[in-house]
Amino acid sequence: MPLIWLIVIVLAIAVAGYVLGRSRVMAATGGDSRKLHSLPSYYGYNVALKVVLPSFFLLLVWLLVQPVIVNGTVAADIPQSAIPEGSSRDLIMSEVRRTAEGLDNAVAQGIMTEDFATNARSDLNDVTQRLKDAGQIVTAQVTQPILQAAQRYRIMNDTGNLILSLLVILVAAAGAAWSLREMRPEFRARNVVERVVKGVLVAAASVAILTTLGIVLSLVFNTIEFFRLYPAGDFFFGTAWSPSFTGRGGSSELGVLPLLWGTFYISIVALLVAVPVGLFAAIYLSEYASPRVRSFAKPMLEVLAGIPTIVYGLFALLTVGPLLVAVFGKDGLGWMQAGTAVMTAGLVMGVMLIPFVSSLSDDIINAVPQAMRDGSYGLGATKSETIRQVVLPAALPGIVGAILLAASRAIGETMIVVLGAGAAARLSLNPFEAMTTVTAKIVSQLTGDADFASPEALVAFALGMTLFVITLGLNIFALYIVRKYREQYE
Amino acid sequence: MYDAPNLAESQVTQDNIKISARNVQVFYADTHAIKDVDVDILDKTVTAFIGPSGCGKSTFLRCINRMNDTIDICKVQGDIMLDGQDIYDKRVDPVQLRAKVGMVFQKPNPFPKSIYDNVAYGPRIHGLARTKADLDEIVEKSLRRAALWNEAKDRLDQPGTGLSGGQQQRLCIARAVATAPEVLLMDEPCSALDPIATAQVEELIDELRQEFSVVIVTHSMQQAARVSQKTAFFHLGHLVEYGETGQIFTNPEDERTESYITGRIG
Chain A
1 MPLIWLIVIV LAIAVAGYVL GRSRVMAATG GDSRKLHSLP SYYGYNVALK VVLPSFFLLL
61 VWLLVQPVIV NGTVAADIPQ SAIPEGSSRD LIMSEVRRTA EGLDNAVAQG IMTEDFATNA
121 RSDLNDVTQR LKDAGQIVTA QVTQPILQAA QRYRIMNDTG NLILSLLVIL VAAAGAAWSL
181 REMRPEFRAR NVVERVVKGV LVAAASVAIL TTLGIVLSLV FNTIEFFRLY PAGDFFFGTA
241 WSPSFTGRGG SSELGVLPLL WGTFYISIVA LLVAVPVGLF AAIYLSEYAS PRVRSFAKPM
301 LEVLAGIPTI VYGLFALLTV GPLLVAVFGK DGLGWMQAGT AVMTAGLVMG VMLIPFVSSL
361 SDDIINAVPQ AMRDGSYGLG ATKSETIRQV VLPAALPGIV GAILLAASRA IGETMIVVLG
421 AGAAARLSLN PFEAMTTVTA KIVSQLTGDA DFASPEALVA FALGMTLFVI TLGLNIFALY
481 IVRKYREQYE
Chain B
491 MYDAPNLAES QVTQDNIKIS ARNVQVFYAD THAIKDVDVD ILDKTVTAFI GPSGCGKSTF
551 LRCINRMNDT IDICKVQGDI MLDGQDIYDK RVDPVQLRAK VGMVFQKPNP FPKSIYDNVA
611 YGPRIHGLAR TKADLDEIVE KSLRRAALWN EAKDRLDQPG TGLSGGQQQR LCIARAVATA
671 PEVLLMDEPC SALDPIATAQ VEELIDELRQ EFSVVIVTHS MQQAARVSQK TAFFHLGHLV
731 EYGETGQIFT NPEDERTESY ITGRIG
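Here the protein sequences come in this chain order: A and B. Mapping the first sequence onto the numbering used here, position 84 (from 1) lands on 84, and the numbers just tick up by one. In the numbering used here, each residue's number is its place in the second sequence (first place is 1) plus 490.
Please keep in mind that the hints were generated in silico from the structure rather than gathered at the bench. You may find that some hints are simply not true.
In the DSS-like style, the derived pairs of lysine-lysine whose C-alpha atoms are separated by at most 25 Å in a straight line are [claimed, not checked]: (1) A/383 with B/597; (2) B/580 with A/383; (3) B/631 with B/590; (4) B/643 with B/580; (5) B/631 with B/534; (6) B/565 with B/590; (7) B/590 with A/383; (8) A/298 with A/383; (9) B/534 with A/383; (10) B/534 with B/590; (11) B/565 with B/525; (12) B/631 with B/643.
Where chain B lies over chain A, by a calculated footprint (3+ residues, C-beta under 8 Å) [what the hints assert, rightly or not]: (13) 365–378; (14) 387–401.
Only some residues are given here: those of chain B computed to face chain A with a beta carbon under 8 Å [stated by the list, open to error]: (15) 555; (16) 560; (17) 561; (18) 586; (19) 588; (20) 592; (21) 595; (22) 597; (23) 601; (24) 612; (25) 615; (26) 665; (27) 666; (28) 669.
Since this is a predicted model, take the numbers as computed values, not measurements. All C-beta atoms, glycine included, are put in the ideal place defined by N, C-alpha and C.
Bound-form chain B, shown alone (with noise of 0.2 Å):
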């Protein structure tokens, strides 16, 4: 009991880093993508990666739960550590690391089978239901996270393609928060949606902070200032810049991210 509060505290700090990459390098056969890359990715906060295209922001974050093991010429070297364990160890199943790190796709990508099917996917594979009434439970909260339960709780046998655009990118939100991910990675989630759904799914994001680790990837500056708690900027392959989103967006330590703001480069 003595030793409590400063146990707790330690505690804190650890969970406060979830992910930690150190001297990351990422190449595709022989264009070196990632350069150098070193971040910290905090639990319960939203991380926004900007960046102009083809900097190697996407690249990163698929590193993140080796969705890049997918691509055969792609090599990642240096260290990903998530939660203190080496993601690229021999022991690591990609497939278990998938599990605990969900992704959200550019486009919206439900397979063609109805809602239910789509949402139940991810806990069905994994076995996070012992009966039915669990199954429909895990549906409902997490398609009700994504606040998509009330329009489609009465179409749930229906196929997920037939859902509007922006109606299925949360479908994708509701199929990745169900298989209760640790940390939820998202690749530029509003790039096909309008304004009105991208409004819809930035305030999901900002919900799913309460109990995720959230890493966005993003063209739109304006979202990242109005979801991200900290920013990365990346340019040619390097990690310029990493800080406090506030501190990003109006007091720029590096003069690349000022005029990639100011939109001098991109």
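Pulled out of the complex, with its shape left as it was, chain A reads as follows (with noise of 0.2 Å):
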């Protein structure tokens, strides 16, 4: 049975047990409500859920555990002698799937009869033959050891499905029936109704808590597999990066010093552009402008914000770069080699972080009381008196929260980069140079065809964990400082 149709048939079961549980409260008490504990909905929407929730449970942990069981039986049955020299049981495995596979379509389109795809033992030609004609994809001759193997993959997989069917119906038809017998008015549905809300929150917030735990433990993993491959020590204070392409030489240097120092000296360009221009933004809409200009102006900055970094790294390659080589190029003051330079994409980068801190800041200080500012001008202060002593003091956390957020992101940027500071692993003081970051270096390192294996690949998984540690480094100092400083205005 398709699994579309056993969720319909829970559902059903669902929906009948809302309407079934609604009026058999409401029958107990003669169609008077105010008799209830609950709404007469709720008692219907505990049989359901009641329904719903341990069948769909089983279903998920039955799909998730079935095919782990039913690969570990088949995979075990396979003779030694069927794998051939330099395969590997995975592989032979695939292959088994795919088959299996090729006979389920072979048959879906009547090419093969179910009876022939279950008991076909020997005219492996003929199999093979009709696979192909079915259109499904196998690779040269269906082997003996294969078919059989696929053929029992088919019979467990079709048998697990059915007693799963089964099952399930079995759980949501006896969650129905148990359910309705606790259907008297005294019966709290609603306190009930409550808790699986409750439960259901708390689930959403897991897996979001659990994801970046996944993140996290996939990082460490690899980043463990790669310090097995390459010293830890030689990574943390090599001044030199030079992966060799070659894939397995081992003459690979990858420091990550130039990378970090790359990051760092594009992101305080970004920064030292982005926070004055966005702050004095952010005092001005908040501050000085209309309500007419306002109205206009923070949407026409929020633009920024949206438009794709790729195309900010198209800007920083066309424009800003040969406008700065125009201007500090060999025809000008002489500094600078080519368009891609720390200036090129820390300019660039800068003018996408300036939203950021201008929206960010706009918001908290205009969250700062008026009654501070009435306070200040009472005192005969002039307007930026009042708001360089007053308003940006009581702002202060939440502007250093916006700036910190505004560097987390220069920090993990990547195609600006790419595009406009070049691919130059370098330790240098001069921003007219090319240099490039930790996140471009992971593209970098992941999009080559090198060998997940080596130390060349694995080295990414290494640098993104030292920039997850960087950044979350970061948004901790960002919470203190913001906790520090909140209570000093209500």
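Assemble the dimeric complex from its two separately framed chains, guided by the hints.
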């Protein structure tokens, strides 16, 4: 039975349970809903939830576990002799799965009978030919062990699915029967439903946290794998970044320092642009601009935040880079070799970050109570004195938070760097030289065709981990700052 | 020397009237909030503005130091003279005016700074102190004036927001006093305070009268009777009656005043 039908059946039982539960409890009080503990619909929901939740839970667990068990059993049955030299059990298993799928589809198309698909033993050429006729991708000739394994695989899956369907429907029905028996007027259906609602919310929150945990763990294991192949000291303190492109050469130098330096240098340039401009824009918008100006200027600024970073990258590559070369290049001051440089990427990234700083700061400045401003004006302070000495200090924690958020964005930015700053990892103080960042190098290490088990590829995870720790530290620091100064005004 | 007594006497009468308002109208967009208000506020006197909510007393108070300028839709007409000079004249800088006419607000609004910096704020922006010692002296004097010195002297570097509500309001008064204003406007300064803090602030107002002209808006008629020498009763944007406090409370001329004082309208 296809999965969708199973789900439809369970939902139908749930709907029936809702109607039954509701009418049953209404009948028990003679139609007077005031004698019930909860509103009638809560009794209905109670039944429906007790149908849906356990059966869907069972379904989910079963669907996760069944493939593991079937795969394991079938794989164990393949004789060692059937595995050719240079291959592995995993490769054979993927062929088995393909064949099984091919048989399924062939049956569905009517090229084979179900009986033939299940019992065919001898005529391998015929089976292969029929599978090919059905348009199934089968590598070469289907061999005897593979065909047997595929047939076994099919049978086990079919049985599993049948048992699953029966069990799920049984559980749904049992849930309905059990909860319908509870449906007495004094049953606290509302409280039960409230608990379920809370459970759903908790589950949603857990998904986010567990995902983060999963990401961190996958990073951690790959990072550990990397450090097994490459000394950690050389990674953290090496001043050269030159991965060998031959793959297993072992002559790669994978020092993170040039990349970190590039990351920080570009981020600092970006923040030097974004923080003053963004902050001044926020002050203008919240303190000086008339409501009319504000109502169109603020959305205009926020449009900047919606532009994809690749577009900023193109802007850096095609406009800002050549412009800087014209001024600082050979024909101008002679400091700059080519358009790709720290300055190019930093300036463009700074522009990208302006709306982050300005929009958040603007909200925070607006949140400073008008009473603060009145107090200051009442003492004869001018507008800018009031802003400098009262409004900004009061808004400082939030502004620091906004700046650190922008910094996190700057550190994690990739596309602008790839297009604007070049790809050369380099430790240099000259902002007109090409440099690169951690994120850009993660991309280039993983998009090559290097072996995934080589240090050249695994270093990407170590880089990612480093970046993760740094941004995490920044965020914690931001939280600390915000907490520390928050008490200073109501 | 011959004319001296005469001159002195005329000086006194002129000094006596600190603020004189003539034919003042205030509009919030289309709402006519203050209608034809004429009033003379005396120097070194506490003047109380009483009246039901929304009668315009706070609005009128905020006209006196042009705080209404910060509200875009607010328009003020008529003349308000401070020491004979029209404060709505184009040549008058509202910033300088507010240094002369200090204000204390309904809710205590200390800045998110230390107690010391809160009080030193005005003197610093107006350059009243030449040295650190000068500034220390102004801060101490102002805090003493506001009866806060004893409680605050050991914690001058702690945030002003950490004080209790009554202490915060006295800090705001100290802050206003430190700027050395000539007039002190108080907009329901005790409405957020408990009775003990209220009594302290009232006592303070009485002391401030020695040097300033104090104008206080209050909802409490008992408070008006306790602290003020002159009382003005506002109703629906009109100044209904203005006179000696004792006179207003014991023998009001207008029947609306009497109704309000006896609790029949409001």
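Now for the hints, and whether the structure bears them out:
Restraint check: the Cα-Cα separation between residue 383 of chain A and residue 597 of chain B comes to about 21 Å, which is no more than 25 Å; the hinted pair holds. Between residue 580 of chain B and residue 383 of chain A the alpha-carbon distance is near 18 Å, which keeps this suggested pair within the 25 Å criterion. For the proposed pair residue 631 of chain B and residue 590 of chain B, the alpha carbon gap of about 18 Å is at most 25 Å, so the pair holds. Simply put, residue 643 of chain B and residue 580 of chain B have alpha-carbon atoms about 42 Å apart, too far for the 25 Å limit, and the pair is violated.
For a cut-off of 25 Å, the pair hint linking residue 631 of chain B to residue 534 of chain B stands: about 19 Å separates their Cα positions. Among the hinted pairs, residue 565 of chain B with residue 590 of chain B is consistent with the structure: their alpha-carbon atoms are about 22 Å apart, no more than 25 Å. With a CA separation close to 17 Å, the supplied pair residue 590 of chain B and residue 383 of chain A stays within the 25 Å bound. Note on residue 298 of chain A and residue 383 of chain A: the hinted pairing holds, with a Cα-Cα distance of about 21 Å set against a maximum of 25 Å.
In summary, the hint linking residue 534 of chain B to residue 383 of chain A is not supported, as the alpha carbons are separated by about 30 Å, beyond the 25 Å threshold. Between residue 534 of chain B and residue 590 of chain B, the direct Cα distance comes to roughly 14 Å. Compliance with the 25 Å bound is thereby established for this hinted pair. A threshold of 25 Å between alpha carbons decides the hint, and for residue 565 of chain B with residue 525 of chain B the separation of about 12 Å falls inside it, so the pair holds. A threshold of 25 Å between alpha carbons decides the hint, and for residue 631 of chain B with residue 643 of chain B the separation of about 11 Å falls inside it, so the pair holds.
With a threshold of 8 Å between beta carbons, the proposed coverage of the stretch 365–378 of chain A by chain B holds, since 9 of its residues qualify and at least three are required. Coverage of the stretch 387–401 of chain A by chain B holds. Counting CB-CB distances below 8 Å, 4 residues qualify, and the rule asks for three or more. Nearest Cβ of chain A to the Cβ of residue 555 of chain B: about 7 Å, under the 8 Å cut. The hint holds. Satisfaction of the interface hint for residue 560 of chain B is found here, the shortest Cβ-Cβ separation to chain A being roughly 6 Å, below the 8 Å cut-off.
About 10 Å separates the beta-carbon of residue 561 of chain B from the nearest beta-carbon of chain A, more than 8 Å, and the hint is not met. Because the closest C-beta pair between residue 586 of chain B and chain A is about 7 Å apart, less than 8 Å, the hint holds. The criterion of a C-beta within 8 Å of any C-beta in chain A is met by residue 588 of chain B, whose closest approach is roughly 4 Å, and the hint holds. A hinted interface residue such as residue 592 of chain B counts as satisfied when its beta carbon comes closer than 8 Å to some beta carbon of chain A; here the least separation is about 7 Å, so the hint holds.
The criterion of a C-beta within 8 Å of any C-beta in chain A is met by residue 595 of chain B, whose closest approach is roughly 6 Å, and the hint holds. About 6 Å separates the beta-carbon of residue 597 of chain B from the nearest beta-carbon of chain A, less than 8 Å, and the hint is met. Here the hint on residue 601 of chain B is kept, as its CB sits about 5 Å from the closest CB of chain A, short of 8 Å. For residue 612 of chain B, the suggested interface contact is upheld, since its CB lies about 4 Å from the closest CB of chain A, less than 8 Å.
With 8 Å as the threshold, the beta carbon of residue 615 of chain B comes within range of chain A, its nearest partner Cβ sitting at about 5 Å, so the hint holds. Checking residue 665 of chain B against chain A by beta carbon gives a least distance of about 7 Å; that is within 8 Å, so the hint holds. Because the smallest distance between the Cβ of residue 666 of chain B and any Cβ of chain A comes to about 7 Å, under 8 Å, the interface hint for this residue holds. With 8 Å as the threshold, the beta carbon of residue 669 of chain B comes within range of chain A, its nearest partner Cβ sitting at about 5 Å, so the hint holds.
The earlier numbered hints that this structure contradicts are 4, 9, 17.
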